[in-house]
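Sequence order for the protein chains is A and B.
This note's numbering applies: residue 3 is where the first sequence begins, and numbers increase by one.
This note's numbering applies: residue 3 is where the second sequence begins, and numbers increase by one.
None of these hints come from the bench; they were simulated from the model.
One or more hints might be untrue.
Identical copies go unnamed one by one, so any copy, or any two together, can satisfy a pair.
[Stated by the list, open to error] Below, computed lysine to aspartate or glutamate pairings styled on EDC-like, alpha-carbon distance capped at 20 Å:
no.	residue 1	residue 2
1	187	297
2	180	125
3	187	244
4	245	129
5	17	82
6	173	283
7	55	168
8	17	48
9	47	19
Protein chains: 2
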Amino acid sequence: MLDVCLMGCGGSIPKPDRWLTSALFRYGGECVVIDCGEGTQLAMKEAGFVAGKVALILLTHFHADHVSGLPGLLLSIANEGRVDPVVIAGPKGTSRIVSSLCVIAQGLPFQIYIYEFPNGGGELPKEYLPVNTNSSCSARITAYPGRHSMPCLGYRISLPRGGKFDPARAKAQNIPVKLWSRLQKGETVDEDGVTYTPDMVLGAPRRGIDVSYVTDTRPTDVIVEAVRGSDLLICEGMFGNDKAERARVSRHMTAAEAANIAAEAEVGTLWLTHYSPSMPDPKEAEAEAKLIFPETEAGYDGKHILMQFED
Amino acid sequence: MLDVCLMGCGGSIPKPDRWLTSALFRYGGECVVIDCGEGTQLAMKEAGFVAGKVALILLTHFHADHVSGLPGLLLSIANEGRVDPVVIAGPKGTSRIVSSLCVIAQGLPFQIYIYEFPNGGGELPKEYLPVNTNSSCSARITAYPGRHSMPCLGYRISLPRGGKFDPARAKAQNIPVKLWSRLQKGETVDEDGVTYTPDMVLGAPRRGIDVSYVTDTRPTDVIVEAVRGSDLLICEGMFGNDKAERARVSRHMTAAEAANIAAEAEVGTLWLTHYSPSMPDPKEAEAEAKLIFPETEAGYDGKHILMQFED
């Protein structure tokens, strides 16, 4: 089960009725936030989430509209009593940016760990994943490069799902009942000189949940492959077709370009976000995108979905 | 004429219905902003002011709730086309804080000048005052120290008013009419070997406008003297009487303590601000303050007054 909330959907500058683009993912009781421009701590509150549960902050890049809210968010996390560590991961340079901005957020009651992805992206090492998560709910987080005016990463959050537990098979193999739960969670267990492996009691892996997040980039083949098959793609649709040239020059995307990615990568649903302040009504961009990818939905502040495993 | 707007009135953390404490002063076509926590650029927009007109930003101190919105505000100023310089003035360390925070606000189209007040405060040198202001509207800005958990300054903005121009006296002294305007603005003029001084045509100086701003400090005698006789005192009233001890320990003030300053310093009106997030209704604190200083008004986001010279 994965809670997904688009906390803000604006690009460049916040507007009174549009927070800057940021998304929240909650699973296993902890939260992952992607990007935190000015106001994200407020957007989170308005969307009904608790900052104290934020275990991981992923930064796409270091333009102010994606990171200026970091000191406030960290102070808000502290204010809600968190003492467990918070991981901040992003492109190369994350450490320098975080330490610069945190000159006004000293004395936090939790440890901050920084992880800088290599330029080509890659998988977030397991030790940086939220720690309170139980293993049946462990995620996989991968980063992939975009093409913007500065190094920029997209992210994919995957919640894999193991095979179904088969108690009849476990019983037939005389596996002690007290080990069932650990095997079900994917653990290999040695007991009384016998090694028990999860495949002894589990069926084939089942379909998990995959969400991808792409912003501040031109469309690229790398992105299409990175987001392929996602159940949900959250992607910038900063401009309408009338501003395609401006999108190209500023290294952003039109909603139609986002829809092309969604169609090529065969995702389930596309949420548009990161609207230009000059776009009063994202529904127009949505209409343009729907011509290419009908399962397009214009994102809005607080747009929310609870994604559940199949069956 | 001085436009005064309390853009936000919250302390510590912004709330969905309360921006962080920040005040705007507009005179001579330019704006001075005191403090800019997260969201000030939005608070300014909501209050109907144009960020591009901000010529001077005064920082009281470097706690995040007073400065975290600086990069966003600067980008907003840039976004509105300003190319004239912006001055940022504050306590010692302002330069380091600004350069740290501006790691995410590079390439601004205007020059930033920093002025650090001495620990004891003092007057902002004239060359840092807003430049577009015509001389009949020149302000005097002074800083004075508070007593907080880090060095903190209060500010007084004074709009002095020269004596009334007396055309009959000017005529009687055969002063060329083309010089009248410059003399009226306080300029001394040499013309055809004769020196003309403003006192030749002006009456005694008249009452100006004085506004003082005090936050994040315990009450002190220094503050009472610094704000003495102000027409308006904007002062923190972070807590009600029930939290007087908390105010003392955190080096803040209750509304009643603010009222004591207002009464002792014989100011005109007191606006309360910088409410604790734990204070749902500032009207209660206002009532406590009114018992001491009846001309107390609870501040709120967007509270605004147009202060005009007498007569």
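Hint check:
no.	hint	in the structure
1	187 - 297	neither (34 Å within a copy, 67 Å between copies)
2	180 - 125	neither (33 Å within a copy, 76 Å between copies)
3	187 - 244	neither (51 Å within a copy, 52 Å between copies)
4	245 - 129	neither (43 Å within a copy, 43 Å between copies)
5	17 - 82	between (26 Å within a copy, 14 Å between copies)
6	173 - 283	neither (60 Å within a copy, 63 Å between copies)
7	55 - 168	neither (34 Å within a copy, 70 Å between copies)
8	17 - 48	both (15 Å within a copy, 9 Å between copies)
9	47 - 19	both (15 Å within a copy, 11 Å between copies)
The earlier numbered hints that this structure contradicts are 1, 2, 3, 4, 6, 7.
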